[in-house]
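Number of protein chains: 4
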Amino acid sequence: MTDIRHTPDHRNIDIDRVGIKKLVYPLVLRDQKNELQHTTAEINFYVDLPRELKGTHMSRFVEVVNHFRGEIDLRHIDEMLDYARDRFSAHTVHLEMTFPYFISKSAPVSGAEGLMSYSCTIAASSRSGEESRSILTLRVPVMAVCPCSKQISDRGAHNQRSVVALSVLTNEFVWLEELITLVEKSASSEVFSHLKREDEKYVTEHAYDNAVFVEDIVRNVAYKIQSDKRIDWFSVNAENFESIHSHNAYASIERDLKSDRRGS
Amino acid sequence: MTDIRHTPDHRNIDIDRVGIKKLVYPLVLRDQKNELQHTTAEINFYVDLPRELKGTHMSRFVEVVNHFRGEIDLRHIDEMLDYARDRFSAHTVHLEMTFPYFISKSAPVSGAEGLMSYSCTIAASSRSGEESRSILTLRVPVMAVCPCSKQISDRGAHNQRSVVALSVLTNEFVWLEELITLVEKSASSEVFSHLKREDEKYVTEHAYDNAVFVEDIVRNVAYKIQSDKRIDWFSVNAENFESIHSHNAYASIERDLKSDRRGS
Amino acid sequence: MTDIRHTPDHRNIDIDRVGIKKLVYPLVLRDQKNELQHTTAEINFYVDLPRELKGTHMSRFVEVVNHFRGEIDLRHIDEMLDYARDRFSAHTVHLEMTFPYFISKSAPVSGAEGLMSYSCTIAASSRSGEESRSILTLRVPVMAVCPCSKQISDRGAHNQRSVVALSVLTNEFVWLEELITLVEKSASSEVFSHLKREDEKYVTEHAYDNAVFVEDIVRNVAYKIQSDKRIDWFSVNAENFESIHSHNAYASIERDLKSDRRGS
Amino acid sequence: MTDIRHTPDHRNIDIDRVGIKKLVYPLVLRDQKNELQHTTAEINFYVDLPRELKGTHMSRFVEVVNHFRGEIDLRHIDEMLDYARDRFSAHTVHLEMTFPYFISKSAPVSGAEGLMSYSCTIAASSRSGEESRSILTLRVPVMAVCPCSKQISDRGAHNQRSVVALSVLTNEFVWLEELITLVEKSASSEVFSHLKREDEKYVTEHAYDNAVFVEDIVRNVAYKIQSDKRIDWFSVNAENFESIHSHNAYASIERDLKSDRRGS
Numbered sequence: 001m002t003d004i005r006h007t008p009d010h011r012n013i014d015i016d017r018v019g020i021k022k023l024v025y026p027l028v029l030r031d032q033k034n035e036l037q038h039t040t041a042e043i044n045f046y047v048d049l050p051r052e053l054k055g056t057h058m059s060r061f062v063e064v065v066n067h068f069r070g071e072i073d074l075r076h077i078d079e080m081l082d083y084a085r086d087r088f089s090a091h092t093v094h095l096e097m098t099f100p101y102f103i104s105k106s107a108p109v110s111g112a113e114g115l116m117s118y119s120c121t122i123a124a125s126s127r128s129g130e131e132s133r134s135i136l137t138l139r140v141p142v143m144a145v146c147p148c149s150k151q152i153s154d155r156g157a158h159n160q161r162s163v164v165a166l167s168v169l170t171n172e173f174v175w176l177e178e179l180i181t182l183v184e185k186s187a188s189s190e191v192f193s194h195l196k197r198e199d200e201k202y203v204t205e206h207a208y209d210n211a212v213f214v215e216d217i218v219r220n221v222a223y224k225i226q227s228d229k230r231i232d233w234f235s236v237n238a239e240n241f242e243s244i245h246s247h248n249a250y251a252s253i254e255r256d257l258k259s260d261r262r263g264s
Numbered sequence: 001m002t003d004i005r006h007t008p009d010h011r012n013i014d015i016d017r018v019g020i021k022k023l024v025y026p027l028v029l030r031d032q033k034n035e036l037q038h039t040t041a042e043i044n045f046y047v048d049l050p051r052e053l054k055g056t057h058m059s060r061f062v063e064v065v066n067h068f069r070g071e072i073d074l075r076h077i078d079e080m081l082d083y084a085r086d087r088f089s090a091h092t093v094h095l096e097m098t099f100p101y102f103i104s105k106s107a108p109v110s111g112a113e114g115l116m117s118y119s120c121t122i123a124a125s126s127r128s129g130e131e132s133r134s135i136l137t138l139r140v141p142v143m144a145v146c147p148c149s150k151q152i153s154d155r156g157a158h159n160q161r162s163v164v165a166l167s168v169l170t171n172e173f174v175w176l177e178e179l180i181t182l183v184e185k186s187a188s189s190e191v192f193s194h195l196k197r198e199d200e201k202y203v204t205e206h207a208y209d210n211a212v213f214v215e216d217i218v219r220n221v222a223y224k225i226q227s228d229k230r231i232d233w234f235s236v237n238a239e240n241f242e243s244i245h246s247h248n249a250y251a252s253i254e255r256d257l258k259s260d261r262r263g264s
Numbered sequence: 001m002t003d004i005r006h007t008p009d010h011r012n013i014d015i016d017r018v019g020i021k022k023l024v025y026p027l028v029l030r031d032q033k034n035e036l037q038h039t040t041a042e043i044n045f046y047v048d049l050p051r052e053l054k055g056t057h058m059s060r061f062v063e064v065v066n067h068f069r070g071e072i073d074l075r076h077i078d079e080m081l082d083y084a085r086d087r088f089s090a091h092t093v094h095l096e097m098t099f100p101y102f103i104s105k106s107a108p109v110s111g112a113e114g115l116m117s118y119s120c121t122i123a124a125s126s127r128s129g130e131e132s133r134s135i136l137t138l139r140v141p142v143m144a145v146c147p148c149s150k151q152i153s154d155r156g157a158h159n160q161r162s163v164v165a166l167s168v169l170t171n172e173f174v175w176l177e178e179l180i181t182l183v184e185k186s187a188s189s190e191v192f193s194h195l196k197r198e199d200e201k202y203v204t205e206h207a208y209d210n211a212v213f214v215e216d217i218v219r220n221v222a223y224k225i226q227s228d229k230r231i232d233w234f235s236v237n238a239e240n241f242e243s244i245h246s247h248n249a250y251a252s253i254e255r256d257l258k259s260d261r262r263g264s
Numbered sequence: 001m002t003d004i005r006h007t008p009d010h011r012n013i014d015i016d017r018v019g020i021k022k023l024v025y026p027l028v029l030r031d032q033k034n035e036l037q038h039t040t041a042e043i044n045f046y047v048d049l050p051r052e053l054k055g056t057h058m059s060r061f062v063e064v065v066n067h068f069r070g071e072i073d074l075r076h077i078d079e080m081l082d083y084a085r086d087r088f089s090a091h092t093v094h095l096e097m098t099f100p101y102f103i104s105k106s107a108p109v110s111g112a113e114g115l116m117s118y119s120c121t122i123a124a125s126s127r128s129g130e131e132s133r134s135i136l137t138l139r140v141p142v143m144a145v146c147p148c149s150k151q152i153s154d155r156g157a158h159n160q161r162s163v164v165a166l167s168v169l170t171n172e173f174v175w176l177e178e179l180i181t182l183v184e185k186s187a188s189s190e191v192f193s194h195l196k197r198e199d200e201k202y203v204t205e206h207a208y209d210n211a212v213f214v215e216d217i218v219r220n221v222a223y224k225i226q227s228d229k230r231i232d233w234f235s236v237n238a239e240n241f242e243s244i245h246s247h248n249a250y251a252s253i254e255r256d257l258k259s260d261r262r263g264s
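Chains as they are written, first to last, in my numbering: chain L, 1 to 264; chain Z, 1 to 264; chain Y, 1 to 264; chain S, 1 to 264.
It cannot be assumed that every hint is accurate.
The list makes no distinction among identical chains, and a pair is therefore deemed to hold if it is satisfied within one copy or across any two copies.
Derived DSBU-like pairs (lysine-lysine); straight-line CA-CA distance at most 35 Å [unchecked claim]:
| hint | residue 1 | residue 2 |
| --- | --- | --- |
| 1 | Lys196 | Lys185 |
| 2 | Lys201 | Lys21 |
| 3 | Lys196 | Lys22 |
| 4 | Lys105 | Lys258 |
| 5 | Lys185 | Lys201 |
| 6 | Lys201 | Lys224 |
| 7 | Lys196 | Lys21 |
| 8 | Lys201 | Lys22 |
| 9 | Lys105 | Lys196 |
| 10 | Lys229 | Lys21 |
| 11 | Lys258 | Lys185 |
| 12 | Lys224 | Lys185 |
| 13 | Lys224 | Lys258 |
| 14 | Lys224 | Lys22 |
| 15 | Lys33 | Lys224 |
| 16 | Lys105 | Lys185 |
| 17 | Lys33 | Lys258 |
| 18 | Lys229 | Lys105 |
| 19 | Lys105 | Lys21 |
| 20 | Lys33 | Lys22 |
| 21 | Lys196 | Lys33 |
| 22 | Lys33 | Lys21 |
No lab work stands behind these hints, which were simulated from the structure alone.
Next comes chain L alone, as it looks inside the complex (with noise of 0.2 Å):
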């Protein structure tokens, strides 16, 4: 009996992706301080398919994440692609794993150890015939202080719990700890899973004196990037969960610093 997919199509359109969506699966990676981190992740698959193909086998997709062990290594995901290319005959092949991603913190003042979780996107897509490329993006809570409050008020400034939002696309390695460094240090205050006493009052102290608004993380991140040479673009946004406010404070930045370069 001939495969229904393999039947050829009428209607001429190529797809641009198809695949699966949210699986979710175990996931190994190596961090900065050469540890190996166990997590989870959601992946999305996809290639793309020509208008002369009726259908793709979704059933490889999840052959090609079996195929890797179980457990999926950041290290190889140039190699799953090749393989899936291959596996598919496919121009291109698009892999996204979203996961948490942790990181031992120490507190301010006591030295205190708290483990943070970060939710990061690995973005990698291959195209036949030229180098894979990643778009990786970290969520990053901060405190972020408003310099307005502050300003008009006798005592005291409202403040809120903030995720910013970066993805770059890189030309060169960089440890997802610079980038979540980078982005902690463009707010009022990292924060933190674990603080003592004496670890809150360095904080709210700390963050006090560092009032940003929502467009100050997103320049504060922007301006820091636009000079790494590694990046080639990026894209910032921060979201305040304003504590006088049920809504929510936004901005955004997005720039082609590859394009930039040459334009200048």
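Based on the hints, put chains Z, Y and S in the right spot on chain L.
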């Protein structure tokens, strides 16, 4: 052809609830100012099913909802429950509707108007031979300034948006507006959608002067609710989106006031 | 006292978008039957911010929304964008509103009426000196019967709910109803909120006779959209909640029809 | 300086639960095949707070979690509860952990391997002077073919993914794998991550031959659970993502088997 749902079932097991979930539907409410309010609800609708019946009539749930004219009015809930119990020959009927409820609020100094939305749920149950009962849940965003951070810090105090969820079982009509105000007065400050500079100053200082732990918020709500004779049972929880952490702080209290009153 | 937002900024970085997110608000629409439809929206509202300004006026976003009378009508979007650009002295304004849109549908055999809701988004942008443009997105639930499962099985065929998201940029007015119908005709069957026994038989058999892969759904939509001269650009994706897997099947196509037309 | 949390409280209200929510953390499990399984959990952690204390020590929750080595093993839960009760001088402790649990499954005909993930929750409570108790919840995706649609239609039958949530309170150790299998055997078919053509044929026909209503799924689970002497209480619900509707079908059963046994 016999409807398969009418064949006998040999497992001999009553079903507590069977019906539909996540039907999105328009809703009409009358608010305390006697104004008509149009909103949208997510509806769950269930009946019990005795052991001798294999299946319920799923299409009738939507039929009952449609019967009430495309736009459901909260004042018709008892009528809907009765109609449904009759239509299904059911012993019990459960109707849950979750919707945003809008209230116009004035900023504390400038008086500037702004519309606030509160996510509310009405969970109404009717049992044959008994009076129907409704549990009303409201989720109220508020501002919480940390008393500890304020006490130990030379300047500032970390604060955050908190969401307080209050559920009540009443023996008499209570306006949503009353309960929302009660919750808003239990935190460091209520929040607003529209604040001018002078309002922001007021809210910042007022909140700073009324620092509360997450524990205080639920105790303040419980303290006021427990002396309200119209309320037979309540449950309250508060979740603070801590600005110094990426996890939340939480507290909850539940009391059966009717039993407590009988006991005393 | 000088407003801190008016102090100069030395980082020299323009901000693409700054504003508010997730404001819940009532909305009024006029549907194709010329009936008034009340619904609720989640609103995002942004302006650009030139490098020389430190901060925007966050409270003005809510002020502009309130200015349009508590219930926003889609026909006033251009007016809102102009008013906002003026109020902020901004170069660009972006307004995004996501809301359920209700359409009454008749069951295919019995003609029984039932209300369907479709999640829609209007993303409108206005730039000084240019015409405003709106991208309309609709998310349409449909039924997808797998052609492969049908072909290889002696009886039955796995099928599932699929959600098709279609975004269009138009050069002329197009009714949401037209686009929803176009998408519904591209799957195995449209779905309904209210079906009697005779309708369920019809839908089951009709869907079985019109088996489509997730690839077919997006190609069918693309095929019809690409010949519509009112549409300059579109993006369509379909996500099948596979009944035989716990992950989803997905396909997407995006085309710049305006460029394609110029090119041909 | 006195810690403000140690000041007396005059509202005279005990708090049922106070603590932290949504801490993301690595977790280590040992599965039935005696293999180590690394996963990630979202953790909630609470204690009670007597009326005479104003506030709890929020930082200690993270301290206790960290004390258990960065990677929590389920076999240490009792130890964690005891340690926490001691650390807080609390009467009751509650620990909730929600995590994906991975099981390798073979396709029914080809035997092809594929990893499935199941969202599970352990809610463990400890009260001084009593044995600790854990409620185990598992969410199992299955396939449901509609018996009514099958009966009335000349060809095909609508079917869909369903998610069955089973919670149990046990008096003896029960493997997650046992409960997952029990639920999977209660539907039209279990679902798989990896199916070849011959498997898809088998699953389609097997499911068609085992059509079940949402009512049947919960009754089948209840029927098997109620005769298991290791289980003192259970609650089961099933939610079918109907392929012919955009709302879901739902059924639920809860039973206190321990009381039932005493009563009989």
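Hint check:
no.: 1; hint: Lys196 x Lys185; verdict: both (21 Å within a copy, 30 Å between copies)
no.: 2; hint: Lys201 x Lys21; verdict: between (44 Å within a copy, 22 Å between copies)
no.: 3; hint: Lys196 x Lys22; verdict: between (38 Å within a copy, 20 Å between copies)
no.: 4; hint: Lys105 x Lys258; verdict: within (34 Å within a copy, 47 Å between copies)
no.: 5; hint: Lys185 x Lys201; verdict: both (18 Å within a copy, 27 Å between copies)
no.: 6; hint: Lys201 x Lys224; verdict: both (28 Å within a copy, 33 Å between copies)
no.: 7; hint: Lys196 x Lys21; verdict: between (42 Å within a copy, 18 Å between copies)
no.: 8; hint: Lys201 x Lys22; verdict: between (42 Å within a copy, 24 Å between copies)
no.: 9; hint: Lys105 x Lys196; verdict: within (13 Å within a copy, 39 Å between copies)
no.: 10; hint: Lys229 x Lys21; verdict: both (34 Å within a copy, 33 Å between copies)
no.: 11; hint: Lys258 x Lys185; verdict: within (25 Å within a copy, 44 Å between copies)
no.: 12; hint: Lys224 x Lys185; verdict: within (10 Å within a copy, 43 Å between copies)
no.: 13; hint: Lys224 x Lys258; verdict: within (15 Å within a copy, 38 Å between copies)
no.: 14; hint: Lys224 x Lys22; verdict: both (34 Å within a copy, 29 Å between copies)
no.: 15; hint: Lys33 x Lys224; verdict: within (24 Å within a copy, 50 Å between copies)
no.: 16; hint: Lys105 x Lys185; verdict: within (14 Å within a copy, 37 Å between copies)
no.: 17; hint: Lys33 x Lys258; verdict: within (30 Å within a copy, 51 Å between copies)
no.: 18; hint: Lys229 x Lys105; verdict: within (28 Å within a copy, 47 Å between copies)
no.: 19; hint: Lys105 x Lys21; verdict: both (33 Å within a copy, 19 Å between copies)
no.: 20; hint: Lys33 x Lys22; verdict: both (30 Å within a copy, 26 Å between copies)
no.: 21; hint: Lys196 x Lys33; verdict: within (25 Å within a copy, 41 Å between copies)
no.: 22; hint: Lys33 x Lys21; verdict: both (32 Å within a copy, 28 Å between copies)
Against the hints set out earlier in the document, no violation occurs for any number.
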